[in-house]
Structure formats: structure tokens, C-alpha cells
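As a plain string of letters, each chain reads:
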Amino acid sequence: MAATADDTEEHMGMPGAVPGPRRRGPGRIATAVSVFGELLITAGLVLGLFVVYSLWWTNVVADREAHKQADKVRHNWAQDTGGPGALDTKNGIGFLHVPSMKNGEVLVEKGTSTEVLNNGVAGYYTDPVKATLPMSGKTGNFTLAAHRDGHGAKFHNIDKMKKGDPIVFETKDKWYVYKTYAVLPETSKYNIEVLAQVPGESGKKKPGHYITLTTCTPVYTSRYRYVVWGELVRVEKVDGERTVPRELR
Amino acid sequence: MGDERDGMYGWIWRNLPGNAWVKALISLVLVMAVVYVLFQFVFPWAEPLLPFNDVTVDNQ
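Chains X and D, in that order, give the protein sequences.
Yeah, the first sequence ends on 274 if you go by the numbering used here, and it's all consecutive.
Yeah, the second sequence ends on 123 if you go by the numbering used here, and it's all consecutive.
The set of hints was computed from the structure by calculation and includes no laboratory data.
Please note that a few of the clues may not be correct.
[To be verified] Straight line, CA to CA, 20 Å or less: simulated EDC-like cross-link-like pairs of lysine to aspartate or glutamate:
| hint | chain 1 | residue 1 | chain 2 | residue 2 |
| --- | --- | --- | --- | --- |
| 1 | X | K155 | D | D121 |
| 2 | X | K197 | X | E140 |
| 3 | X | K231 | D | D121 |
| 4 | X | K127 | X | E218 |
| 5 | X | K135 | X | D198 |
| 6 | X | K214 | D | D69 |
| 7 | X | K135 | X | E90 |
| 8 | X | K135 | D | D121 |
| 9 | X | K197 | X | D152 |
| 10 | X | K229 | D | D117 |
| 11 | X | K155 | D | D117 |
| 12 | X | K199 | X | D264 |
| 13 | X | K135 | D | D117 |
| 14 | X | K199 | X | E63 |
| 15 | X | K93 | X | E130 |
[Unchecked claim] Label pairs and their calculated CB-CB ranges:
| hint | chain 1 | residue 1 | chain 2 | residue 2 | range |
| --- | --- | --- | --- | --- | --- |
| 16 | X | P124 | D | N82 | 56 to 62 Å |
| 17 | D | N78 | X | R248 | 44 to 50 Å |
| 18 | D | V97 | X | I54 | 26 to 32 Å |
| 19 | X | A68 | D | L91 | 19 to 25 Å |
| 20 | X | T151 | D | R77 | 42 to 48 Å |
Beta carbons: idealized from backbone N, C-alpha and C, even for Gly.
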């Protein structure tokens, strides 16, 4: 016992203390203190790891999943020639391209639940206000949400979008080219008015073909929502080579 | 029985078998196992409970 204890004893400032039962009192307190200290250090490390997890690892996982699903959608599009465009909502309905966000293409899937958005995709709203899909041809609002941080962080650079920036939505046979016309940098998370078919808050009064992107703000928190609105400028048919519209060149 | 004044990590270290190298190796494996469990199970469970990643507007 003495052999293992010698070292620590000197550090504890008790040189010459006789090893034996007499040490048990202060020893117990010292043990409690050092275990407590170690628990604090451990808690700090776990919190640090949680940051690594949320800001890095979830992106790795989500991007992997999004690529897999995007490949599947592209594959289905390539195979399914002719016939009426059967809308496969399960695997994603198309891709969102926003050059000013510099994040390539974002797969769009149905729903804005955590399970959907955590796959590194953008989701169109089904609740509380149903999105009007552009392929329906009807006037309305194509409302989308995606993560600002972690899980692919597809709308991370939403604050880089300015009025006039193009938002292009790609489906199997059409390019829907929208133009950003309004930005709401901060609003309450309860403000479902921004999803209205005619989003009055963006300054619009008449029905039209609108697109709405929502995500959380400020970065790394979910205190408010950031909203960007666009309006349909034109629709282009996809050609054999899937030539991208000039906004994406 | 050893000195228990150097906390739980010291206790783990003393109770690992082998020499310092073997102990270091086992420690590394233990750390990686803990990180794996955290990333795979604990954090995915804890994340939705924390208010960092809600991106939608809703009326709830």
C-alpha cells in the first residue's frame, strides 16, 4: 500500500504522514473532490463532443443520405422515359438550385418533419399550411424549409440571398425559375402568415406563383425564422442534355 | 487495494491489465467506444430535445 501511495502523498502536501488507517478521513474527501472534478471535466468534454456532433457529424451523415436519395431520384428520372410524369413524392420531387447559397443542388422532399429534414434535404410544407407544388400549375405558394446548421445545413447561407437572386427548382421535365423579391431576416416561429398562398407580408396582394424558403436564425440557434420569398419568372422545358437555365451557368 | 485519492480515471488506469502501453491502448479503445455510443445513440436522442434545430414555422 505504501508503495503506491508515496507519490500522491507528497503532492497532497502531507509528507511524512504515516500510511495507514489514519489517512482514511482526508483521503475520502480528497477522493470525493477529485471524482467531482473529473465529472466536471467529463461533462465539458461531452458538451464539446456534442458541438462536434451537431455541426460536423450530422452534416456528414445527412450529406451521405441526401446523395443516396438524390442519385435514386436522378436514376428514376433517367429510366422513366415517356408516360405521364408520375409524381414520386416519396423519393423527392426535384432539386432546388440557389446559386447565391453556393451549396449546389438540394433535394426537395415531402414534409418538414425532423426525420425528413435530417436527411440533408429541403422539405415542402404539408402542415400547418400546405405548399402548392409548382408542377400543379396552380397559383399559390411553394413553401420550403431546411436546416441552417447541422444535418446538411442546406440553407446555411440563406443570408447571402439578395433581391433579384434566382431560385431555380428542377423537376423531371421542367425548370421553374424564380426571382427573389423579398427577405424577412427575422420573424417569430409562430408566424405562419409567411406561408400563406398569397404572402401578404412580402408585399403581395394578388395570387401568383410564389416560392418561400424558411429556416432558423440567428445561426446555431432556433430563436427566430428567416424567410425569403421569390416569384416565378418563367418555366423552361428540360431538354435531352438537361441543359441548365442561364441563371445557373 | 490501491490509493483512491486520484479519482475514477486513476482507478480505471490502475485496474487495467498490462504495462503502460497496453493500458494506453485499452484506454484508447474505451474512449472510442464511449464516443461511438455518444454519437450513435446519446446525441441523436438528446438533439431533438434541445432548441437548436427547429427550422419551420408552425402554430404550436
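> Between A68 of chain X and L91 of chain D, does the beta-carbon spacing fit 19 to 25 Å?
Replying inline: holds (21 Å)
>> Hinted pair, alpha-carbon criterion (20 Å max): K229 of chain X, D117 of chain D. Please report holds or violated.
In response: Violated: K229 of chain X and D117 of chain D sit about 27 Å apart, past 20 Å.
>> Given the hinted pair K135 of chain X and E90 of chain X, is their Cα-Cα distance within 20 Å?
In response: holds (16 Å)
>> Taking 26 to 32 Å as the stated bounds, is the beta-carbon spacing between V97 of chain D and I54 of chain X within them?
In response: Cβ of V97 of chain D to Cβ of I54 of chain X: about 28 Å, so the range 26 to 32 Å holds.
> Does the Cβ distance between T151 of chain X and R77 of chain D fall inside 42 to 48 Å?
Replying inline: Because 58 Å falls outside the window, the suggested range is violated.
>> Run the distance test for K214 of chain X versus D69 of chain D: straight-line Cα separation, threshold 20 Å.
In response: Status violated; Cα separation ~49 Å.
> That 44 to 50 Å hint for N78 of chain D and R248 of chain X (C-beta), does it hold up?
Replying inline: Taking Cβ atoms as reference, N78 of chain D and R248 of chain X lie about 47 Å apart, which means the hint holds.
> Is it true that the CA of K135 of chain X sits at most 20 Å from the CA of D198 of chain X?
Replying inline: With Cα atoms ~19 Å apart, K135 of chain X and D198 of chain X stay inside 20 Å; holds.
>> Would the hint linking K199 of chain X and D264 of chain X be met if the CA-CA limit is 20 Å?
In response: Holds. K199 of chain X to D264 of chain X sits at ~9 Å (cutoff 20 Å).
> Under the criterion that the straight-line Cα-Cα distance not exceed 20 Å, is the pair K93 of chain X, E130 of chain X satisfied?
Replying inline: Holds, at about 13 Å.
>> Quick check on a hinted range of 56 to 62 Å for P124 of chain X and N82 of chain D, using CB atoms only.
In response: holds (59 Å)
> Is the straight-line distance between the alpha-carbon of K199 of chain X and that of E63 of chain X 20 Å or less?
Replying inline: It is violated: about 59 Å lies between the C-alpha atoms, which goes past 20 Å.
Figure legend: structure checked against the earlier numbered hints; hints not met, in rising order: 2, 3, 4, 6, 9, 10, 14, 20.
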